[in-house]
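Colleague: Top to bottom, those sequences are chains A, B, C and D. Per this note's numbering, the first sequence starts with residue 1057, numbered consecutively. Per this note's numbering, the second sequence starts with residue 1057, numbered consecutively. Per this note's numbering, the third sequence starts with residue 1057, numbered consecutively. Per this note's numbering, the fourth sequence starts with residue 1057, numbered consecutively.
It is worth saying that the hints were derived from the structure and are not from the lab. Only a predicted model underlies this, so the values are computations on that prediction, with no experimental measurement involved. Be aware that a few hints might be false.
Identical copies look the same in the list; a pair holds intra-copy or inter-copy alike.
[Claimed, not checked] Okay, derived cross-link-like pairs now, SDA-like style, lysine to any residue, Cα gap no bigger than 20 angstroms in a straight line:
1) Lys1277 x Asp1174
2) Lys1381 x Ser1203
3) Lys1059 x Gly1164
4) Lys1114 x Asn1281
5) Lys1161 x Glu1090
Number of protein chains: 4
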Amino acid sequence: MKKILVATGGGDCPGLNAVIRGIVKRASQEKDWEVWGSFEALNGLMEEPTRLIKLDDKTVAGIHVLGGTILGTTNKGNPMNYPERQPDGTFKTVNRIPWLVDRLKSKGFDAVINIGGDGSQAISQAMFEAGMPVVGVPKTIDNDLSSTDFTFGFQTAVQTASDSFDRLVTTAASHHRVMIMEVMGRNAGWIALYTAISGGAEICLIPEIPYDLDVLVERIKGRYNEGRGFVNIVIAEGAYAKEGTITASKGEFGRHSVRLGGVCFSLSQQLKDAGIEADIRETVLGHTQRGGTPIAFDRVIASVFGVKAMELVLAGKFGQLVILKNNDYTAVPIQEAISSYNVVDPHGTLVQAAKGLGISFGD
Amino acid sequence: MKKILVATGGGDCPGLNAVIRGIVKRASQEKDWEVWGSFEALNGLMEEPTRLIKLDDKTVAGIHVLGGTILGTTNKGNPMNYPERQPDGTFKTVNRIPWLVDRLKSKGFDAVINIGGDGSQAISQAMFEAGMPVVGVPKTIDNDLSSTDFTFGFQTAVQTASDSFDRLVTTAASHHRVMIMEVMGRNAGWIALYTAISGGAEICLIPEIPYDLDVLVERIKGRYNEGRGFVNIVIAEGAYAKEGTITASKGEFGRHSVRLGGVCFSLSQQLKDAGIEADIRETVLGHTQRGGTPIAFDRVIASVFGVKAMELVLAGKFGQLVILKNNDYTAVPIQEAISSYNVVDPHGTLVQAAKGLGISFGD
Amino acid sequence: MKKILVATGGGDCPGLNAVIRGIVKRASQEKDWEVWGSFEALNGLMEEPTRLIKLDDKTVAGIHVLGGTILGTTNKGNPMNYPERQPDGTFKTVNRIPWLVDRLKSKGFDAVINIGGDGSQAISQAMFEAGMPVVGVPKTIDNDLSSTDFTFGFQTAVQTASDSFDRLVTTAASHHRVMIMEVMGRNAGWIALYTAISGGAEICLIPEIPYDLDVLVERIKGRYNEGRGFVNIVIAEGAYAKEGTITASKGEFGRHSVRLGGVCFSLSQQLKDAGIEADIRETVLGHTQRGGTPIAFDRVIASVFGVKAMELVLAGKFGQLVILKNNDYTAVPIQEAISSYNVVDPHGTLVQAAKGLGISFGD
Amino acid sequence: MKKILVATGGGDCPGLNAVIRGIVKRASQEKDWEVWGSFEALNGLMEEPTRLIKLDDKTVAGIHVLGGTILGTTNKGNPMNYPERQPDGTFKTVNRIPWLVDRLKSKGFDAVINIGGDGSQAISQAMFEAGMPVVGVPKTIDNDLSSTDFTFGFQTAVQTASDSFDRLVTTAASHHRVMIMEVMGRNAGWIALYTAISGGAEICLIPEIPYDLDVLVERIKGRYNEGRGFVNIVIAEGAYAKEGTITASKGEFGRHSVRLGGVCFSLSQQLKDAGIEADIRETVLGHTQRGGTPIAFDRVIASVFGVKAMELVLAGKFGQLVILKNNDYTAVPIQEAISSYNVVDPHGTLVQAAKGLGISFGD
């Protein structure tokens, strides 16, 4: 009997359970493969005693509709830089990848499917280079991996944000307000951009396009002057103002400086400082975007990723990452996949289309 | 032809449009009644030129599914305390109710249906006492009117909050986090209480029950110690700690002192100050709770309220507020309705049931 | 240690799991009570070997958001009329209630909480009369129990139907069609009535008001003549035409005669036979109305019902059914509760309000 | 001032209004373009008097969230084969394209954007060949156009079907039933395939893979024998059995022979005839799949299609169809686009992945 270990690492993302189910469903069609899960990324394997669970058709029944991951996850304890207690009581950072590969083999595992983002796939690659047969499944709520057109979770986050936005629009219009909604995206503004187009925002602020406060103020005042007395703004948590365009608040509210409500809070203040007299209200969606049942689109991607990952294992193709490219499910070397990062192109098709819809980016 | 004026006042609330549609639909079955709407509460009538709109079956077609109000609304310019510019340029607060009733009559209105909360209904009563035939329709997202068992909008707010809560729970469980979700409710904790029961929260903090920080900390640590490493907290924006139970933060974070994230932000800080080491994440639902399409339950209440209000007008029963009491649609004198206020009873059935479900109120 | 047995009987209903969780959560606060579940109503107890499961906080974690029942259910094998195999191979119907009560006691059960509809509560009453301490929890998707204002599941069914209706309306309007949507309700038209009001239907057909086909035809033609070329119809599966009003189809399409699409199919044919030339499209919601996650309102009712049922057990108050009456959670004798049935009153407030909204019942 | 005419043709599809809004928003950024809409496809232009409407920012405000089309649509009166009344009272089919192009020019239109499916785009091409500057926007709920990877509406239909499926699964499991859900798809099984993967169906029947009844029966009985007593089936309305595999029902239930419940009804009967004893329940989603607010993904595609179409007009690139190919928005000649049709490949990636998930296609 051959054994495969599955782990989920990094932040939450709708669809993780559907990937796990896909792997197990496909594996159960083979006579000679067993699937095991490691709790909390690879920690379940690294600890003594181990915390592993055998996964079969019954364990995964119905889990594709659930958010989160039945295996739990963690952001701590990267085995490439593991804090190891020294005899003198201090901690030293060590590379535990070789030890990890030995442990996997000593526990009888023939392969690993590692589901996770950049950090997790760097571990996948390191394990692969250290001799472990590994297949990676990409996970990024931000849709910022250049090797795959879409990943599971992203469209669910956009849907959740868009639904909330729809709810805010009616209040904005009835009360003639400026509504600011902060969505995820520290470095990539995809969620904000898609939400702004889907929801019909007037303003969309993303990390890729620093905004000019004067431009925003002009746009907002213009709306009120032309008799349409409300403005809806989507802002990515990583958005920030151009150098020198904020005077009153400068120094006080830098990028990421206020975590709850983050830039959102500061934007509200910035607008007030700059003379916007309309009522301004903020909403911070926070982790609602990362949780909950995946939309159908994401369940399909995640389920197929799971099946594909298992088929790569069966075919003996390791060091590969499952992707969806040009509407086809295929794979690329992990090494290649994690070397480039996909942010919004300020001059690309989608931003231009958004501008065609009348959305201002404050530039 | 007889004319009726409809106005919507105060904060946004899902179902306002369904009330308007109900009034118009019922009125259109009479040969001799016309319905007019005043934009932005009664301001549309008070301004010169007036901003009024004739409402017929076509104007209201399909609006029952929309959030907000097609008439717009405002919180400003209460006619009972109207800021009137004096010859010397200063402002003086005057009671413009008599003037308002004159104006209504001079514009040919035979009756008014005023849809709104406490403040709006005080105006309804004042107009009624000044000789204007008025019928009131209650509106409170907080469900805090003692004369009616339910009003439209409340259950929609609870549903929106509960849906968001469901999304947070999966992340909390996967990441072993403390999740804090702030919902509406400055004086009444109904939305928080219903959401906590619906969502299966571990902790629910409401204005009616000041919390003891030590009790919260004990409960949270207990959860982690028994191996269920996550806690979900619903907090009403008006919740606050008991006197003397917060030391480090005292003075810094009073009730309502921090508006964005409000008490929520301070609660997160309070918990950290008190030694909670787990990751804590906050979500502030804000106005998403007040907007969007009403759930079916609220559409039914609102639509029937509209029909009932028009039937009171037809029957010549004025000074009345439409209510839903003991599962029946009826009416009470406005005067009686606005004299009492319905907050959560800390010893009542629902709080006891919530405790039976294991929900802690921090008391 | 005292033991209680929980069972769920009859048709599916969103909220069953929340009731189970409520019972277990409340019981877990007592030192001396264990909760057990019987699979497939009481069959799990009656079979040899038994199929019972011990329920604790972990078993019920998170189940309140799930549709269906973790205990399964069945419509078969009523113990009051149990088909018992005789020595000669034939079956005879016997009353196994006394045997059932003996078995409960011999298995060490001190009390039973029986969740179910009319049939299940008749069994509850019979067991109670035979000496078993029983508490009942009412379950009816149709909201047809007169002793309780609302039960869990009903509003979820209405919401599901209303959401589907909203989707149909846009197509009806764009294509100038007659849309017929069949909802549940063989004897009571509550789901149809609430859905019609919530959705803004033009026509609502329910079992309590037999329709006159000529009236429907006139209404439909009227809509097309006045330039609003579409009609949306909600029909309860038990609706039927008045005697003598259908000529062409009479005899062919009686009440309940065509199960898939039921009366709906026949209504479409009836309208065509009667000269309606517009495109007619049908949707049969079927069991989508009985399944899925309960809306927040129903989760609250169900959770509180569970806690209340356990508290009745603790207080030693048996032979009682938990109810929600006049906005308060209380209890009535089961005997009293199951003796009357609550259908839509053709002259009641809601039907009159619906007519005020322009909804025709074909009468 | 230059004028453009917009029309929407064929069946309903979530996203049509977002396309219209996209066109108008983009055009409003030009000084010299006016956008007009023709009611009910091109009929509004062809009739006398015309039924046209000028579209500006206010007309299209907020329509992107609405299902249907504000312009209405129709399946009747194809101008390529127009039934023209002859002097003797009979009708003759004539090609009115030349007349239509003349009429467009005489009414001052400089370009046409035609939103619609195969039939509509054939008209687009004919008008283009007759000298009219035309840009096409593809519309197909079935996702069966080979030139574009995705179109708006498809994912919304899948989401609606998947949501309904989720609701059925819980009842199936609790009651040990066979649930059959019929979705759209007469010739292409994409909606059924995506829904089956998203929902976790056991069986998926599509037009591209005729099913063998014996295979289905074996699969269903296998599920019950292994103790998992429920089966969920998704069936496209155009699915049908292989020749010779249905004996009892043969001749009675051919493909498309029973329209309401279509094959679904017959499948239920076929299974009963073939010895399945479990309860079988059917749901026919019908037009709920074509209506309602589009999901965010579809709103983005539709909005960008609208902007792109207008930009093609501005760039003078006619005879083109807007598409989304390889994750990029671009265009192809209409002629090329409508010449090939995209059905599910029985040996393609998605069907293989579905089989990997344990979904049987009855082959």
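Colleague: If a hint holds in the structure, say so; if it doesn't, say that too.
Modeller: How the hints compare with the structure:
no. : hint              : verdict
1   : Lys1277 x Asp1174 : neither (42 angstroms within a copy, 33 angstroms between copies)
2   : Lys1381 x Ser1203 : both (7 angstroms within a copy, 16 angstroms between copies)
3   : Lys1059 x Gly1164 : within (7 angstroms within a copy, 45 angstroms between copies)
4   : Lys1114 x Asn1281 : between (62 angstroms within a copy, 15 angstroms between copies)
5   : Lys1161 x Glu1090 : within (15 angstroms within a copy, 44 angstroms between copies)
In summary, the one numbered hint that this structure violates is 1.
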